[in-house]
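Visitor: Sequence:
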Amino acid sequence: MEAGSFSAAAKQLGLTQPAVSMHIQALEDYFGTKLIERNSKGMELTRAGELAALSVARLLDDVDTTRRQIDEMMGEVAGPVFLGASTVPGEQLCPQLIRAFTQRYPRVKPRLIVDSTNVIIDKLNRRELDLGIVGAQPKDPTVRAEAVFSDEIIFLVNPSHRFARLKEVALEELYGEPFVGRASGSGSRSVYERELSAAGLSPSRLTPVLEVGTSLAAVNAVEANLGVALVSMYAAEKSLLLGTATAVSLAGVKFARPFFLITMPHRYGGRAVAELANFLRSPEARQLVEGRKHRWGTLG
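First residue of the sequence shown: -9, per my numbering; consecutive thereafter.
To be clear, the hints were calculated from the coordinates, so they are not data collected in a lab.
Take these hints with a grain of salt, some might be off.
Stated by the list, open to error - Taking CB as the label site, the calculated pair distances span:
id: 1; residue 1: His256; residue 2: Tyr165; range: 44 to 52 Å
id: 2; residue 1: Thr197; residue 2: Arg101; range: 20 to 28 Å
id: 3; residue 1: Glu201; residue 2: Leu41; range: 35 to 43 Å
id: 4; residue 1: Ala38; residue 2: Gly166; range: 35 to 43 Å
id: 5; residue 1: Pro96; residue 2: Leu17; range: 32 to 40 Å
id: 6; residue 1: Glu118; residue 2: Ala189; range: 31 to 39 Å
id: 7; residue 1: Pro255; residue 2: Asp19; range: 36 to 44 Å
id: 8; residue 1: Thr56; residue 2: Gln15; range: 23 to 31 Å
id: 9; residue 1: Arg152; residue 2: Ser187; range: 19 to 27 Å
id: 10; residue 1: Gly281; residue 2: Ala241; range: 48 to 56 Å
id: 11; residue 1: Arg101; residue 2: Asp52; range: 48 to 56 Å
id: 12; residue 1: Ala173; residue 2: Arg152; range: 25 to 33 Å
id: 13; residue 1: Ser187; residue 2: Gln7; range: 19 to 27 Å
id: 14; residue 1: Glu201; residue 2: Gln7; range: 30 to 38 Å
To be verified - When the alpha-carbon atoms are kept at most 20 Å apart in a straight line, the in silico EDC-like pairs for lysine to aspartate or glutamate are as follows:
id: 15; residue 1: Lys24; residue 2: Glu40
id: 16; residue 1: Lys244; residue 2: Glu185
id: 17; residue 1: Lys244; residue 2: Glu142
id: 18; residue 1: Lys228; residue 2: Asp112
id: 19; residue 1: Lys244; residue 2: Glu265
id: 20; residue 1: Lys129; residue 2: Glu167
id: 21; residue 1: Lys99; residue 2: Glu265
id: 22; residue 1: Lys157; residue 2: Glu167
id: 23; residue 1: Lys24; residue 2: Asp52
C-beta: ideal position from N, C-alpha, C; glycine also.
Please model the complete structure; the sequences and the hints are all you need to start from.
Guide: Encoded structure:
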């Protein structure tokens, strides 16, 4: 039902819409009742449908757990692993990390889901993910969060901007400056709003010209001279090296933050999940990520 329509569900499953409709009809014939109602909002589960969905979810969990237990019994590190990541680690860090991990364990098939920090935490809670990497610490006490990599959010401007010639910009200079911000639910946004507030600048007084879903979109907006932005140094890496954007220090404030590995501590995940988690905690993974910093030095 999360897809919202049969056509969207068919696309996610790699099936045709008639095939999905046929499967739903077969289930309704089997149970002898309607499972889905169509209305002006799209589709909704009936009470019988909700009960069936819960039972199927439990069954799928049992099948998945059994598969992982068999893999472990056979001593194999193999099978799918569902890794979620917020946009910066998902776009900038995970491809390199996954490549290194799968070279070690070629029979593991990672599946990477990239979304905002809040959505990734929610998907982990709903058992849609085995583990995740996010840019802000979860408030949910049932989620285990371990700092694994370091990041810095930097103040990015177009090379033609008047700030680009300065070594440092006073916070007050941001007032009235066209600002490209991250969308609500972003770990980057929660970090820079917290640090700006602590330094005495109210985020509500910024002048938003555009709100974007990813740090890379914010970098592209800066390159287009649409405004200034606060973005992860990893997202800005290529632009800084090419000279299509410039990093400038903001007086009296730093935006250092960790990326967190998030897991559910009492959930059985199997050897493949355990080995990926151990790899993400390892000095090797940290070096892969943070070793990139020498290419542009310490920013800010």
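Visitor: Now, for every hint given, state plainly whether the structure supports it.
Guide: How the hints compare with the structure:
1. His256 - Tyr165: 44 to 52 Å: Hint holds: Cβ distance 48 Å, inside 44 to 52 Å.
2. Thr197 - Arg101: 20 to 28 Å: About 40 Å separates the Cβ atoms of Thr197 and Arg101, which means 20 to 28 Å is violated.
3. Glu201 - Leu41: 35 to 43 Å: holds (40 Å)
4. Ala38 - Gly166: 35 to 43 Å: Since Ala38 and Gly166 have Cβ atoms about 57 Å apart, the given range 35 to 43 Å is violated.
5. Pro96 - Leu17: 32 to 40 Å: Because 37 Å falls inside the window, the suggested range holds.
6. Glu118 - Ala189: 31 to 39 Å: For Glu118 and Ala189 the Cβ distance comes to about 37 Å; the hint holds.
7. Pro255 - Asp19: 36 to 44 Å: Holds, since Pro255 and Asp19 (Cβ atoms, about 42 Å apart) stay within the stated range.
8. Thr56 - Gln15: 23 to 31 Å: Holds: the Cβ-Cβ distance is about 29 Å, inside 23 to 31 Å.
9. Arg152 - Ser187: 19 to 27 Å: Check passed, 26 Å falls within 19 to 27 Å.
10. Gly281 - Ala241: 48 to 56 Å: Given a distance of about 30 Å, which is not inside 48 to 56 Å, the answer is violated.
11. Arg101 - Asp52: 48 to 56 Å: violated (20 Å)
12. Ala173 - Arg152: 25 to 33 Å: holds (27 Å)
13. Ser187 - Gln7: 19 to 27 Å: Cβ of Ser187 to Cβ of Gln7: about 48 Å, so the range 19 to 27 Å is violated.
14. Glu201 - Gln7: 30 to 38 Å: Distance hint for Glu201, Gln7 holds at roughly 33 Å.
15. Lys24 - Glu40: Roughly 11 Å between the alpha carbons, so the hint for Lys24 and Glu40 holds.
16. Lys244 - Glu185: holds (8 Å)
17. Lys244 - Glu142: holds (8 Å)
18. Lys228 - Asp112: violated (31 Å)
19. Lys244 - Glu265: violated (34 Å)
20. Lys129 - Glu167: It is violated: about 32 Å lies between the C-alpha atoms, which goes past 20 Å.
21. Lys99 - Glu265: Answer holds: Lys99 to Glu265 is near 13 Å, not above 20 Å.
22. Lys157 - Glu167: Given pair Lys157, Glu167 holds - Cα atoms ~18 Å apart, limit 20 Å.
23. Lys24 - Asp52: violated (26 Å)
Checked against the numbered hints above, the structure violates hints 2, 4, 10, 11, 13, 18, 19, 20 and 23; every other hint is satisfied.
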